[in-house]
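Produce the complete structure using the sequences and hints provided.
There are 2 protein chains.
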Amino acid sequence: MPFTIGLDYGTNSARALVVDTRNGRELGTAVVDYPSGHQGILLNPSDHHLARQSPADYVHALEKATIEAIAEAKQADPSFSPDQVVGIGMDGTGSSPIPVDADNAPLAFQDAFKDNLAAQCWLWKDHTSIPEAAAITAKAAELRPQYLAKIGGTYSSEWFWAKIWHCLKVDPAVFDAAHSWVELSDFIPAVLAGVSDPKQIVRGVCMAGHKALYAEDWDGLPDKEFLSALDPKLADLRDRLYDRAHDASVSAGKLCDEWAAKLGLPAGIPIAIGEMDVHYGAIGCGVDEGTLVKVIGTSTCDCAVVSADKTVADIPGICGIVKGAILPGYFGVEAGQSAVGDIFKWYVEGVLGDVELHAKLTEEADHLKPGQSGLLALDWNNGNRTILVDQLLTGMMLGQTLYTTQAEIYRALIEATAFGARAIIDRIKEYGVPVERIVCSGGIAEKNPVLMQIYADVTGCEMRVSRSSQSCALGSAVGASVVAGVHADFKSAQDAMTGLKDVSYQPIPENQQVYETLYQLYRELHDAFGGVSPSADLGHIMKDLLALKATQSA
Amino acid sequence: MPFTIGLDYGTNSARALVVDTRNGRELGTAVVDYPSGHQGILLNPSDHHLARQSPADYVHALEKATIEAIAEAKQADPSFSPDQVVGIGMDGTGSSPIPVDADNAPLAFQDAFKDNLAAQCWLWKDHTSIPEAAAITAKAAELRPQYLAKIGGTYSSEWFWAKIWHCLKVDPAVFDAAHSWVELSDFIPAVLAGVSDPKQIVRGVCMAGHKALYAEDWDGLPDKEFLSALDPKLADLRDRLYDRAHDASVSAGKLCDEWAAKLGLPAGIPIAIGEMDVHYGAIGCGVDEGTLVKVIGTSTCDCAVVSADKTVADIPGICGIVKGAILPGYFGVEAGQSAVGDIFKWYVEGVLGDVELHAKLTEEADHLKPGQSGLLALDWNNGNRTILVDQLLTGMMLGQTLYTTQAEIYRALIEATAFGARAIIDRIKEYGVPVERIVCSGGIAEKNPVLMQIYADVTGCEMRVSRSSQSCALGSAVGASVVAGVHADFKSAQDAMTGLKDVSYQPIPENQQVYETLYQLYRELHDAFGGVSPSADLGHIMKDLLALKATQSA
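Residue numbers (the numbering used here), protein chains in the order written: chain A, 1 to 554; chain B, 555 to 1108.
Since the hints were made in silico from the structure, they are not lab data.
One or more hints might be untrue.
Taking beta-carbon pairs under 8 Å as the criterion, some of the chain B residues facing chain A (in silico) [what the hints assert, rightly or not]: (1) H602; (2) A893; (3) W900; (4) V905; (5) N935; (6) L947; (7) M950; (8) Y957; (9) G1085; (10) L1092; (11) I1095; (12) M1096.
Keep in mind the model is a prediction, meaning the values are calculated, not measured.
C-beta atoms are modelled at their ideal positions from N, C-alpha and C, and glycine is treated no differently.
The following block contains the structure:
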């Protein structure tokens, strides 16, 4: 009776999941909130771009969540024993690089740096590195256009090199003290494996891929000449990083004695390679060719795969097309929206100031027809990750009258995220990535049928929901089952361990038609404010919305 | 000791004011809410354009408010006697036409029509007549371009002919039953004077002016050939309306016995001609050449005067330049914003759902610097009256992040109305109407120093507040004092009866500078969404706002 454990490091908490590898049954789970900062995030009140996390929180959560999940599994099934755990896998947010010393210990563990924000983990949604990202894009356009082609045309402030370079600029003492930098999703497997030399960490190609500009085409990380053109110190750092990154067919190591003792697990069991949360989430949702997986949380990440036998062109605005990034043997295609749940949360909790309103507004929004509110919004409160790849964008709402209601605004924000989702789907389909249905994961997908129906109507795709409400952790457990040899490959592991809920959201033709009109208006605003359309004729937008409102209110 | 009574018919209530003509002392006042509908307005839930009012409410308020104001005056000063009242004046919203029968009784008084929305007063902010307004504009462009030149280029759905034509289209039975149509501000003086034939009503040029396309240049109302081109029934109606309209040097009649008895006032005292509320409000604020009066309420009306000796060009987008409309001997220039207080009310009460928040948000907004929020809004939740003259426009808010607060949005809405105010000032100054200072009236101006300072900073003008908090009613009382012969002319009546509060808001140079930048961005959005700029390059807007936000947050 082999079990595996999947660990999932989210934005505000970490989760451990004990899974039966024969059928995906989830025996025990535990969530540990990161204790530091605001909901686990270290902020700077005078700079809303800054978002860091304490590496100590990660280690704390690793121990606590795993032990509690095992305890719950024992309680759920007295016949379960931790001895039956044959592998462990982990996923995390990214790019979330951590500066470490020569012993692979985070600098933040040192007294000198423990309160220094630059010495913490640079959380994925930290956007302080916007100037560096722009400079990397500009320099690559000049010297290495092939880099840009691979990443959709624009290097992001959310990624590895921009963050590290920004650190070098704003806090050179931290940069100089850092022997190396490790992604969160490489760091936790390395901790479990007891790796005490950053160079020995088995790094995942998933995070290396576009985020660190790693590609086999150019022999790994960006060459030193290019890095020197940014800053010679970055070229020096390259030597202390890594030469090769791997897909999930490779193990990240074996559980070391120290951590085996801490967790009460057998020493020596294999550790799956770390992947980005949503990549293992896609696996946990049963991703395959033709199925787009959307992990809908604070932000959204979209994952698709295309067989590595095929040729996939570089897609403008789509940053992540990396072989092996999700499933071994497939190109992984990754896209996303910088804020989805966060926008609803901002509106309900930040603006309306009442967390209880989510349910009420969802119900009221359900009674509105598409177009009835006359509102149209852009979903850029946290910038636009795909397809504009521009963090210097903000939200927008248009069409307010003196009678616009709370619920109308709520629905318009949901619709805005649906339009953003559609912009991504249209783009990848245009470049040959098949999308026949969408499988979603995350609390919003499970709890908000109004949103799911709107997404079906806007995208024109059937929307399904992953059976597991912990798809990322489940995907990590799937990965562990493969490196443990329980399943021969990911396909058979997914068939055994993953599934869908019964509910299916089908597009409703009359809604689709209205949303087609609204989406075209959305694209006009999108292109105008996104800088794609430098001579926009927008005088008709409010009038078209009012006309639609009149029709849909009748 | 001569006193006059001023009556002011606002959007939700009517007010009576007993004034000492020697010094403007306000001896007694009373406000009566219109009892019908939602806050006095008859609505149609499925058409937010519709806003009507019950004529019976007007008559009810006339009696109740006057009697109560007299009672209060007696209480305030036992030596006061109603016998000392020498004149009565009245102002009202407009264009608010009422269909009446051949005896000058509103159709709504008849059982057959009492519940018919089309038979009520068509309140100024009723926008159901958008198609008719557009058709009048188009037909005038073709046949009578001089009409359009006089009204800023566009006939409004808020005005007389559009409303009546819309009635003819949607409810011909009401149109056919109506012997004539009377503006609210002509109706109440006619009631007081006991006029029982609509043709005998002494109409004010203030309301006739641009709203009914009345001008001496073309011998009064639009000619029958033009009206026939709209609908022959409108040409027939012209015969039953009026030939001449008058300025405030003419009296609307004398108080009839019936109403003298009802109100306890001397029969035969003169009644001032009715003017639009804000026109008498401008007089009550001491309007003269160089002083722009802003009556800030649910909407805003801007009034300026230019000596009739001068030549004032037609001003594009400024609908009301009518000789005698405000002060006899001056061109009255009227402009306005379709919603100001209504926008704050909508946001605080309609969206946030808590009327108590006004004070808290005002205080929080006061702690923000210009540009600090990164937000920029358009003030079009109720359309744009000046300078675009387009009701088919809606609100807009741009620049939201995940950290945007309630108070930031509140301030952005105040700023949006200030930018709208500046657009009007810039336009009239450009065409030679001097604006050296601004005198405001209305509760918002008195109670919201944050708004007043923002307006000073955005417009670059000193902002003052009228001494009276009932400027419109006071202006009516001033008008009454002139027709009663207490004062020789309006100038001396204003000198005696009106004044300013001590407080003065001066522009703060560093704020002015930031608002100059923001106003230019506002104008780009204004022109793009207003249809003035058909090839807008808006890709920089969000970036500029973020840059300003960064600077102002530092």
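Hints versus structure:
1. H602: At about 5 Å, which falls below the 8 Å cut-off, the nearest Cβ of chain A leaves the hint on H602/B intact, so it holds.
2. A893: At 6 Å from the nearest chain A Cβ, A893/B passes the 8 Å test, so the hint holds.
3. W900: 5 Å, holds
4. V905: Nearest chain A Cβ about 6 Å off; hint holds.
5. N935: With a minimum Cβ separation of about 5 Å from chain A (threshold 8 Å), the hint on N935/B holds.
6. L947: 5 Å, holds
7. M950: This hint holds: M950/B lies near chain A, its Cβ roughly 4 Å from the closest one there, short of 8 Å.
8. Y957: 5 Å, holds
9. G1085: 3 Å, holds
10. L1092: 5 Å, holds
11. I1095: Result: holds, 6 Å to nearest chain A Cβ.
12. M1096: Status holds, d = 5 Å.
Comparing the model with each numbered hint stated earlier shows that all of them hold.
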